[in-house]
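A.B. asks: Sequence:
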Amino acid sequence: MIRLGALLPAAALLLVSACGQDAAPTADQAAPGSATPESTASAPATTTPATPPSDVMAAAQAYVDAVARKDLDGLVNAFHPDGRIVDVSRTIAGHDAIRSWARNEVIGGILQVVDIVERRPDGQKLLVRWAPAGSTGWLAHYDFTSRGDRISVAELQYA
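Per mature numbering (1 follows the signal peptide of the UniProt record, and there is no 0), the sequence shown runs over residues -23 to -1, 1 to 136.
Where hints are given, some of them may not hold.
Once the Cα atoms are required to be at most 25 Å apart in a straight line, the calculated SDA-like pairs of lysine to any residue come out as [said to hold, decoys possible]:
| no. | residue 1 | residue 2 |
| --- | --- | --- |
| 1 | Lys102 | Asp126 |
| 2 | Lys102 | Asn54 |
| 3 | Lys47 | Ile93 |
| 4 | Lys102 | Gln38 |
None of these hints come from the bench; they were simulated from the model.
Can you build the whole structure from these sequences, using the hints too?
C.D. replies: Rendered as structure tokens:
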């Protein structure tokens, strides 16, 4: 005969294990700057080219270079004062908001341009590998629209 007291610890362990499996956000629920269990898995080596494209437009390259240098001011100054970022479904507008967003979610990460997937007279859509600090990252599309030598809109979406 099985005693109820012997089953309770095993049942509690199963319940805790089952609840924990559904608690983590999936990649499509988190912003590109947020680590998820799916996003921290290693990606195949083929996702990052040996040589990134050399013809990234100047405004987008300023953003990429600022991330590489961990240069918050450089990243902010890559945008027009009225520039905006659409980070999946959030809109971040103006230098002050961009500075706060970049300080909290971008600076310290690694951004690599994989390919240019679209060219337009006013911008480019890049395939990038974005890895927030402490993460191995994931692929994303960064679509930059520029006015002159600065970014007017940057749309960041999962690839």
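A.B. asks: Please go over all the hints and tell whether each is borne out by the structure.
C.D. replies: Results of checking the hints against the structure:
{"no.": "1", "hint": "Lys102 <-> Asp126", "result": "holds, 16 Å"}
{"no.": "2", "hint": "Lys102 <-> Asn54", "result": "holds, 20 Å"}
{"no.": "3", "hint": "Lys47 <-> Ile93", "result": "holds, 23 Å"}
{"no.": "4", "hint": "Lys102 <-> Gln38", "result": "holds, 12 Å"}
Going down the numbered hints, you'll see the structure goes against none, and every one checks out.
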